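**Q** Line order of the protein sequences matches chains Z and B.
Quick note: the first sequence uses the numbering used here, first residue 1, plus one each step.
Quick note: the second sequence uses the numbering used here, first residue 1, plus one each step.
Read the hints as simulated data drawn from the structure, not as lab findings.
Model, not experiment: these values are computed from the prediction.
Beyond 10 Å from chain B on every Cβ pair, some chain Z residues (computed):
1. Arg3
2. Glu223
3. Leu328
4. Thr372
5. Thr395
6. Tyr420
Some chain Z residues judged to face chain B by a derived CB distance under 8 Å, without partners named:
7. Tyr71
8. Ser103
9. Ile117
10. Arg136
11. Asn137
12. Ala174
13. Ile205
Between beta-carbon pairs, the in silico distance windows are:
14. B/Leu318 with Z/Asn262: 54 to 64 Å
15. B/Ser185 with Z/Asp26: 19 to 29 Å
16. B/Thr148 with Z/Asp292: 56 to 66 Å
17. Z/Ala226 with B/Leu318: 51 to 61 Å
18. B/Asp404 with Z/Arg412: 48 to 58 Å
Just so you know, even glycine gets a beta-carbon here, dropped at the ideal spot from N, CA and C.
2 protein chains.
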Amino acid sequence: MSRRQIHLALHPYGVGGPGQHGLWKDPRVAKDASIDIRYYIDLAQAAEAALFDALFVVDSQFINATYPAHYLNRLEPLTLLSAVATHTTHLGLVATASSTYNSPFNLARRLASLDLISGGRAGWNVVTSFDTGTSRNYGLEEHLDYTTRYGRALEFVEVARGLWDSYEDDAFPADVERNLFLDPSRLHELNHVGEHFSVAGPLNISRSAQGQPVIFQAGVSEEGRAFAAEVAEGIYAPGGSLEQAQTYYRDIKRRTAAAGRNPDHIKIFIHGSPVVGATDDEARRREQEIFDEDNDFGRNLALLGRSFGAYDFSVHDLDAPFPDVAHLAERGGRTSATAIIERARRDNLTLRQVAESLGGFRRTPFVGAPDTVADAIETWFEAGTFDGINLAFRTREELDRFVDGVVPILRRRGLFRTEYTSDTLRGNLGLPVPVNRHAAAREGVDASRVAS
Amino acid sequence: MSRRQIHLALHPYGVGGPGQHGLWKDPRVAKDASIDIRYYIDLAQAAEAALFDALFVVDSQFINATYPAHYLNRLEPLTLLSAVATHTTHLGLVATASSTYNSPFNLARRLASLDLISGGRAGWNVVTSFDTGTSRNYGLEEHLDYTTRYGRALEFVEVARGLWDSYEDDAFPADVERNLFLDPSRLHELNHVGEHFSVAGPLNISRSAQGQPVIFQAGVSEEGRAFAAEVAEGIYAPGGSLEQAQTYYRDIKRRTAAAGRNPDHIKIFIHGSPVVGATDDEARRREQEIFDEDNDFGRNLALLGRSFGAYDFSVHDLDAPFPDVAHLAERGGRTSATAIIERARRDNLTLRQVAESLGGFRRTPFVGAPDTVADAIETWFEAGTFDGINLAFRTREELDRFVDGVVPILRRRGLFRTEYTSDTLRGNLGLPVPVNRHAAAREGVDASRVAS
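Please build the complete structure, drawing on both the sequences and the hints.
**A** Here is the structure:
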């Protein structure tokens, strides 16, 4: 049997907000890259040429003039990926979309459309939108609380999956002799009535070659992990040290098994911003340069505020102990807010010290000459910290250095594919194609089977 | 000054529901055309090669197994057109989307994305979703009534337009020397609070080359015409006789002027399904064949029901006078329902007679040899019945017959363009590029200017 292999996804940076990654100042980077579809098509084609599994597009729906937005001027992910779809043939296309600020019928349709347009390569990164300000773009004065958002997300995914099974795969015989275009017995209403949604269905779109879009998610809280175990097929893991990543990996796999699912059917991706140089020294110097040029105090202070519902920390004394803002944790990303508070208390940090510790550039262990980076990736992979890496590069040049330098080494070691073995995202990730629930019920078969 | 010219849009048929147009039985038509993005890309490229103004994609969000759905298995319009966008360079891309079952922030973003991806070629056909059953896909037991739907539509367009002006055109100086990527004074919150929506903004996407997507609409009721006069820039007209089309055209232009707008800035499209033959006789025979093969009594009865909220007319005696269903008109397309009732009463028709009069294929005056069709088009155009024709063809062959036979004649007569003179939809339609409202307010200029 061949060696278990690593999955690689590409997370394209756009050129973002005030100071974001300092990237807009780089003369090699187009200032309007984040709204230029050719920028994304070029990156997608580069990722596909390197045999990556997927392109992963993040999203947020809240900005203001001073907010440290990663998302100041961005194409909407599903529209973006639909344009990319017809310029690629094997690359998975994962769109971030909020379960808090969409309706299941509408979003399920859009994802199903991308899935058909791409020939079975769509993925949905389910987010609950922790930016408090988003609610005011949707007529809500109060942001939904954490537990409500997760409850809604879980029900949303259930509804979407139900809608995606509206048509069985043999619903359209298009049989002229029998005068039968649609076989009505193969079209199913959903008639879902739940706590958050009532959706009759059926959806007016049939299934793709991979059955249904792949569900990704990035939760780290208790609710987030429960959600992952129940419905996620791909996870964007929080990262941290090797030991932290191992612990997270084992916890998610254990919970998934406990939920009655095959733990191989949830793929855990860690974040990686590899910095590859001709030598280890050169790469480490380059990493420090990136970190420094990216480290803007005002931006870091605003970034800190994001975890507390866009709270303005500048009203506090920077050199006093970290203020008591525990009551704001529910308004933002509760897990990150709580972690920040706990660390500040434990290490007795001032507000300035906390803000200074938050660089936009996330250091990862994958820094060095190509062999060094490949070694680090192999070590982490063999230690059971991830199934895949979600790669972010500031420039095309840095992507190419990784693809030309590191990927061939991983390939020689049998750690990364030498050709695509499937045309679908599920196929490439080794995820099962879900059998249509109605066909399964009638035929008495198990509702999941492994992709061929 | 050159002659006033005709605009041409293409409305691609998909292969639809049970019996729809009988089209799925045609061996030249792919059974899964309606979910095959290549089908749409091919048609779009053919339309662009013929120098058409736009591709127009219809939509509906309600089906069931017996409903005479045009939309049984369809790609979602914005996802579809985004994929088409990068395979075309001049063709306008008009997506139907419901103002009743979307949120303004989300839909405005998606339309703005298509507008940027296409380089300023997006249009939005605003519909209020008259299919009663749609409400049950969105958690509403009761369909919104007619007046509420139109009030919501008008406010929705106002909010979308406000969001589309979030960034002034010079909002991103990306000036390294001044360390200024975004000029915050050029980013504007909307802070809309209205009867149907509260939306803070700003939108996180900037304007395209045409400023904002073009607003299309198809209302014929009093509310629909008032909506048109106030905000629409393109109209899909109801059709009818030459005199009816003239009356409608004059009414819309008059109302638009009365609303303080330039009546040239609303383009009225009539529906056309030209049938072109080598001779007039051949074309007329072909038209009758199409009408006959498309004329399915059961389908027509269900189609009739659509105007009354998917009402099942089969419970009535077919040969008794048309039943009293006036109370159901509000549940469906009120204008068409009322017209049906009035005609049945006036002409003393039975239910069977009313149903038989409803063929799916809409006869138009554009039937004959190429010269005959060109003459008819010129006559109708010069009579002031339309600014453009929204063309529907059952097969690619019929499109080609029109493009190869009729379009060159129109061109020779100076009635249709010989080359694109603009890259944007506004430019090709002769519609003004709206100046950003915030720039206009600051500079004291008029908030609309004609596209160059």
